[in-house]
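Undergrad: Sequence:
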Amino acid sequence: MTTDIAIVGGGASGLAAAISAKMTNPSKSVLVIEKLPKIGKKIIASGNGKCNLSNINISASNYHGSVNAVKIIEKMPDYKEFFTDTLGVLCVMGSEGRTGGVYPRSNSSATILNAMRLKIQELGVDELCEWEITDIKPMKSGFELSYKNGAILCRKLIIAAGGYAAPSFGTDGSIMRILKNMGYATSKICPAVAPLRVSTDNLKGLKGVRVKGEVSAVSGDKILRTEKGELQFNENNISGICVFNLA
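188 is the number that the working numbering gives to position 188 of the sequence shown; each next residue is one higher, with no gaps.
Hints are not guaranteed to be accurate.
Pairs of lysine-lysine residues, derived as DSS-like cross-links and limited to a Cα-Cα distance of at most 27 Å, are as follows [unchecked claim]:
#: 1; residue 1: Lys38; residue 2: Lys119
#: 2; residue 1: Lys228; residue 2: Lys204
#: 3; residue 1: Lys204; residue 2: Lys188
#: 4; residue 1: Lys75; residue 2: Lys148
#: 5; residue 1: Lys50; residue 2: Lys156
#: 6; residue 1: Lys212; residue 2: Lys50
#: 7; residue 1: Lys228; residue 2: Lys207
#: 8; residue 1: Lys50; residue 2: Lys35
#: 9; residue 1: Lys156; residue 2: Lys28
#: 10; residue 1: Lys212; residue 2: Lys222
#: 11; residue 1: Lys50; residue 2: Lys28
#: 12; residue 1: Lys38; residue 2: Lys137
#: 13; residue 1: Lys38; residue 2: Lys148
#: 14; residue 1: Lys80; residue 2: Lys35
#: 15; residue 1: Lys140; residue 2: Lys156
#: 16; residue 1: Lys119; residue 2: Lys156
Label-pair restraints from in silico Cβ distances [claimed, not checked]:
#: 17; residue 1: Lys180; residue 2: Asn57; range: 29 to 39 Å
#: 18; residue 1: Gly220; residue 2: Met23; range: 46 to 56 Å
#: 19; residue 1: Arg225; residue 2: Ala60; range: 17 to 27 Å
#: 20; residue 1: Val209; residue 2: Gly88; range: 30 to 40 Å
#: 21; residue 1: Lys228; residue 2: Glu74; range: 23 to 33 Å
#: 22; residue 1: Ala60; residue 2: Gly220; range: 30 to 40 Å
#: 23; residue 1: Val67; residue 2: Ala165; range: 29 to 39 Å
#: 24; residue 1: Ala60; residue 2: Lys140; range: 34 to 44 Å
#: 25; residue 1: Ser59; residue 2: Lys140; range: 39 to 49 Å
No lab work stands behind these hints: they were computed from the structure.
Idealized CB from N, CA, C, for every residue including glycine.
Based on the sequences and whatever the hints tell you, model everything.
TA: The structure is reproduced here in structure tokens:
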């Protein structure tokens, strides 16, 4: 199988890359490769199912680990340009704390996934699901992507498969290991935006409950930081955007 542009990863970044690549180069073939049975599983889970798709306060100070943050931000389209003008999704400001989150007007992450799927179909982007890439070999004319039943040849390659954040959604670090074997260096990977563990004694009877509230990180008698927003209680942790900000 051959394609002009192969994109490994069928999540938000991969689908956005596919849309941009095809709109920029309509004559080129674009292929999205996803190892899960369906694309966009992580999109459905984002923002507690409401999909916090952007933020009105985007600036370099909010990004860590990349010296190119300012250059990247300057090249980014406004969320209205991509989600509303390109995908036809109406957006609204959320009420989550002070961070200026932007959500689909439907308040459902399924709206974003459906809009992105419709767009790649409209543009003629191909997708392959349940195809896990096991090796990548550079070639004179591009790359050879190996999988259990064969190989895919491409002229250009975009890796959008994520890190280690959510194995159940496909981001289990397998692509990172392949890139390291190819000689690419990576920064140290550690949890950042994540739920916070809490004593289970404090969570009895609260599993699955969501409530607007206030959460603080405390060290001794000192309050390190406080965030407001929607809290979600789980069996042994609390989550929600305000918790992620606190983390």
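Undergrad: Are the hints correct? Go through all of them and say.
TA: Comparing the hints with the structure gives:
{"no.": "1", "hint": "Lys38 with Lys119", "result": "holds, 16 Å"}
{"no.": "2", "hint": "Lys228 with Lys204", "result": "holds, 22 Å"}
{"no.": "3", "hint": "Lys204 with Lys188", "result": "violated, 35 Å"}
{"no.": "4", "hint": "Lys75 with Lys148", "result": "violated, 37 Å"}
{"no.": "5", "hint": "Lys50 with Lys156", "result": "violated, 33 Å"}
{"no.": "6", "hint": "Lys212 with Lys50", "result": "holds, 15 Å"}
{"no.": "7", "hint": "Lys228 with Lys207", "result": "holds, 20 Å"}
{"no.": "8", "hint": "Lys50 with Lys35", "result": "holds, 24 Å"}
{"no.": "9", "hint": "Lys156 with Lys28", "result": "holds, 10 Å"}
{"no.": "10", "hint": "Lys212 with Lys222", "result": "holds, 23 Å"}
{"no.": "11", "hint": "Lys50 with Lys28", "result": "violated, 34 Å"}
{"no.": "12", "hint": "Lys38 with Lys137", "result": "holds, 26 Å"}
{"no.": "13", "hint": "Lys38 with Lys148", "result": "holds, 18 Å"}
{"no.": "14", "hint": "Lys80 with Lys35", "result": "violated, 30 Å"}
{"no.": "15", "hint": "Lys140 with Lys156", "result": "holds, 11 Å"}
{"no.": "16", "hint": "Lys119 with Lys156", "result": "holds, 21 Å"}
{"no.": "17", "hint": "Lys180 with Asn57: 29 to 39 Å", "result": "holds, 34 Å"}
{"no.": "18", "hint": "Gly220 with Met23: 46 to 56 Å", "result": "holds, 54 Å"}
{"no.": "19", "hint": "Arg225 with Ala60: 17 to 27 Å", "result": "holds, 21 Å"}
{"no.": "20", "hint": "Val209 with Gly88: 30 to 40 Å", "result": "holds, 35 Å"}
{"no.": "21", "hint": "Lys228 with Glu74: 23 to 33 Å", "result": "holds, 31 Å"}
{"no.": "22", "hint": "Ala60 with Gly220: 30 to 40 Å", "result": "holds, 33 Å"}
{"no.": "23", "hint": "Val67 with Ala165: 29 to 39 Å", "result": "violated, 22 Å"}
{"no.": "24", "hint": "Ala60 with Lys140: 34 to 44 Å", "result": "holds, 38 Å"}
{"no.": "25", "hint": "Ser59 with Lys140: 39 to 49 Å", "result": "holds, 41 Å"}
Against the hints set out earlier in the document, violations occur for numbers 3, 4, 5, 11, 14 and 23.
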